[in-house]
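S.K.: Construct all of the structure, not just a fragment, from the sequences and the given hints.
Chains as they are written, first to last, in numbering that gives the first Met the number 0: chain R, 0 to 388; chain W, 0 to 194.
No lab work stands behind these hints, which were simulated from the structure alone.
Glycine is no exception: its CB is placed at the ideal position from the N, C-alpha and C atoms.
Treat the hints with care, since some could be wrong.
Here are some of the chain R residues that sit facing chain W, going by a computed Cβ distance under 8 Å [as the list claims (entries may be wrong)]:
#, residue
1, Val24
2, Leu26
3, Val93
4, Gln100
5, Ala105
6, Gly107
7, Thr110
8, Ala133
9, Val181
Listed below are the simulated BS3-like cross-link pairs for lysine-lysine, each with C-alpha atoms no more than 30 Å apart in a straight line [claimed, not checked]:
#, chain 1, residue 1, chain 2, residue 2
10, W, Lys67, R, Lys111
11, W, Lys37, W, Lys95
12, W, Lys95, W, Lys67
13, W, Lys37, R, Lys111
14, W, Lys124, W, Lys95
15, W, Lys95, R, Lys111
16, R, Lys77, R, Lys321
17, R, Lys374, R, Lys298
18, R, Lys188, W, Lys124
19, R, Lys77, R, Lys374
20, R, Lys321, R, Lys374
21, R, Lys298, R, Lys329
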Amino acid sequence: MSRVPAAVSEAERVVLRPRRLIFWVYLGLVGYSLATFGVLMVRQASVVPDAVVIAIVVQAVIGIVIYLLIRWLDLFEKEPRSLMAVAFVWGAVVATATALQANTGAIGLVTKLGGTAVSERWAPAIAGPLTEEALKLLGVVAVILLAREQVQRSLDGLVYGALSGLGFELVENVLYAINLAVLDPNSDKAAGIAISLARLFLGFGLHPMCTGMAGLGIAYAFTRTDRTRWQRIGVAVLLYLAGYAMHFLWNSPLLTPAEPGVSTLGSSALKYGVLLVFFFLCYRYGARFDFSWFAATMKDESPEILTAAELQALRTRRSRRKARRVAGLKFGTPGRHLAHELQHAQLAVALARECDAPPEVLDTARQRVRAIRRKAAEWAMPRRAAGRP
Amino acid sequence: MEYDVRSAETLRWGLERRGQVGALVVLAVVLLYLLVPKAVNAHVHGAETTVEAGDHFMLDAIGDGSAKLDLSALAGWTLPPSASDDSVLVTRGDAKVSMRLVGNVRNPALAFDRLPRVLRLSDPKATWSRTGEFRGHRGLTGYRGEFTTSTRTGSLFLAGRDETALFVLVSAPSSELEDARDAAETVLDTAEINP
Numbered sequence: 000m001s002r003v004p005a006a007v008s009e010a011e012r013v014v015l016r017p018r019r020l021i022f023w024v025y026l027g028l029v030g031y032s033l034a035t036f037g038v039l040m041v042r043q044a045s046v047v048p049d050a051v052v053i054a055i056v057v058q059a060v061i062g063i064v065i066y067l068l069i070r071w072l073d074l075f076e077k078e079p080r081s082l083m084a085v086a087f088v089w090g091a092v093v094a095t096a097t098a099l100q101a102n103t104g105a106i107g108l109v110t111k112l113g114g115t116a117v118s119e120r121w122a123p124a125i126a127g128p129l130t131e132e133a134l135k136l137l138g139v140v141a142v143i144l145l146a147r148e149q150v151q152r153s154l155d156g157l158v159y160g161a162l163s164g165l166g167f168e169l170v171e172n173v174l175y176a177i178n179l180a181v182l183d184p185n186s187d188k189a190a191g192i193a194i195s196l197a198r199l200f201l202g203f204g205l206h207p208m209c210t211g212m213a214g215l216g217i218a219y220a221f222t223r224t225d226r227t228r229w230q231r232i233g234v235a236v237l238l239y240l241a242g243y244a245m246h247f248l249w250n251s252p253l254l255t256p257a258e259p260g261v262s263t264l265g266s267s268a269l270k271y272g273v274l275l276v277f278f279f280l281c282y283r284y285g286a287r288f289d290f291s292w293f294a295a296t297m298k299d300e301s302p303e304i305l306t307a308a309e310l311q312a313l314r315t316r317r318s319r320r321k322a323r324r325v326a327g328l329k330f331g332t333p334g335r336h337l338a339h340e341l342q343h344a345q346l347a348v349a350l351a352r353e354c355d356a357p358p359e360v361l362d363t364a365r366q367r368v369r370a371i372r373r374k375a376a377e378w379a380m381p382r383r384a385a386g387r388p
Numbered sequence: 000m001e002y003d004v005r006s007a008e009t010l011r012w013g014l015e016r017r018g019q020v021g022a023l024v025v026l027a028v029v030l031l032y033l034l035v036p037k038a039v040n041a042h043v044h045g046a047e048t049t050v051e052a053g054d055h056f057m058l059d060a061i062g063d064g065s066a067k068l069d070l071s072a073l074a075g076w077t078l079p080p081s082a083s084d085d086s087v088l089v090t091r092g093d094a095k096v097s098m099r100l101v102g103n104v105r106n107p108a109l110a111f112d113r114l115p116r117v118l119r120l121s122d123p124k125a126t127w128s129r130t131g132e133f134r135g136h137r138g139l140t141g142y143r144g145e146f147t148t149s150t151r152t153g154s155l156f157l158a159g160r161d162e163t164a165l166f167v168l169v170s171a172p173s174s175e176l177e178d179a180r181d182a183a184e185t186v187l188d189t190a191e192i193n194p
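M.R.: Pasting the structure below:
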């Protein structure tokens, strides 16, 4: 079965905007961070190469899994990969390098003011979110300033925030591996494996989720122009504080028993559960709004392009899968593939409409939907004639 | 999508006017985080205490093990607050004695070769060597050695029992090094380690 060519291709040049100041600010900060923190990290990595190799391999796997999850969450419009890379690199390079400096100062301050007992228990909770959450979130702001037209809805901010958080988390985990391996009296490999597994099972995706929430708020403030300025600012601040609070809770000794052991794992699981619930609620809001946008954008399209039943089928990933399964039951595997293509083509029509695409582009998107329908009809006709379902 | 149909761009310094304030805010916030916490920390004086004869200090290793240190030999030195309870730093001018309690030390000789790598994190030219064994009056055993970095020289000790050991780094100007080393060795000799 030949694939119908895509009507609207992903923009390739959304990032190269040398006439925007943020482009140069971004490049300058990435360059500075690489020249300072990057060089330092390479030097430190050379002290414990075995641990670093193990950490990088594990982090690469974690990174791919979380990246796929983020893409999976983005139902109605996949963000351009180049812009996703901008957010990721910000988190991995600029946010990490700056946070390393800021955390050193902040932890030192907590230690001086509170003493060892307070610092040991509370410094990570005080310093971590204070520096890291804002720095990661700046990645979303940079993306918006660089390519404002790419951030149309709140969920886009969640995606870019999650990617900035992902970049941060992966580099932070490699740094943990270096530090632990250097202090391990026995083996670099054991230390690399231990920290990689610990970060895999404890706090998996913590930074993407915290920054995803805050990113949702920032995008809300930029995109929900139907709300008052104070409403938008209020939501952005609340969601930033939610991400901040989750990070604080995770790093803090709250809900953590004094004696380590199984109960420590239980408390970590409880904290992680709270984080997951908050993140899911934020995502649900973003996804619902995405669907409202899609329904509003497509409301005056003819049933030839989108029927009411197809509109409902596009609401969630589950309903989309169900629609494809039904098509597969009726028309076999090709029917399922065609249903999949039809769903993508219908989304492309909505995107072309939203972006005020030239009429010929919108027309091509609609033609694609019609072409898929014709193919489906051609496929179904002989089967029906043969008395097959 | 790239259907960003913009009106004629207003330029300033050859750059679009739109977004300039935002970009400068991003830059300012990053600079703020780079500079302010360090600067504030540098200007705030913590509750440093002066070590007096008879002072004791408790260390807890990550995992199992604890140690009680008698700091009498370091009387007059300064004890700044420590960020973690597995280590302590004592200073006097440019002289420093840092002590860290390490658990899970299965092979002390290997641990002695590995732990000084912490020096290489900040100085790739750091080198160290073992110069002999350490045998304390309270049954602690281990090794002693020396290290050199680009800027300083110093002494190393690793001594303990039953997989829990104290790792001690002593650095000081050459005129003070012997005194500092003797004081650190005395603290190590009188340490009570509970694996």
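S.K.: If a hint holds in the structure, say so; if it doesn't, say that too.
M.R.: Hints versus structure:
no., hint, verdict
1, Val24, "holds, 5 Å"
2, Leu26, "violated, 11 Å"
3, Val93, "holds, 7 Å"
4, Gln100, "holds, 5 Å"
5, Ala105, "holds, 5 Å"
6, Gly107, "holds, 4 Å"
7, Thr110, "holds, 5 Å"
8, Ala133, "holds, 7 Å"
9, Val181, "holds, 5 Å"
10, W:Lys67 x R:Lys111, "holds, 23 Å"
11, W:Lys37 x W:Lys95, "holds, 21 Å"
12, W:Lys95 x W:Lys67, "holds, 19 Å"
13, W:Lys37 x R:Lys111, "holds, 13 Å"
14, W:Lys124 x W:Lys95, "holds, 20 Å"
15, W:Lys95 x R:Lys111, "holds, 18 Å"
16, R:Lys77 x R:Lys321, "holds, 21 Å"
17, R:Lys374 x R:Lys298, "holds, 25 Å"
18, R:Lys188 x W:Lys124, "holds, 23 Å"
19, R:Lys77 x R:Lys374, "holds, 26 Å"
20, R:Lys321 x R:Lys374, "holds, 21 Å"
21, R:Lys298 x R:Lys329, "holds, 28 Å"
Consistency note: the structure conflicts with earlier hint 2 alone.
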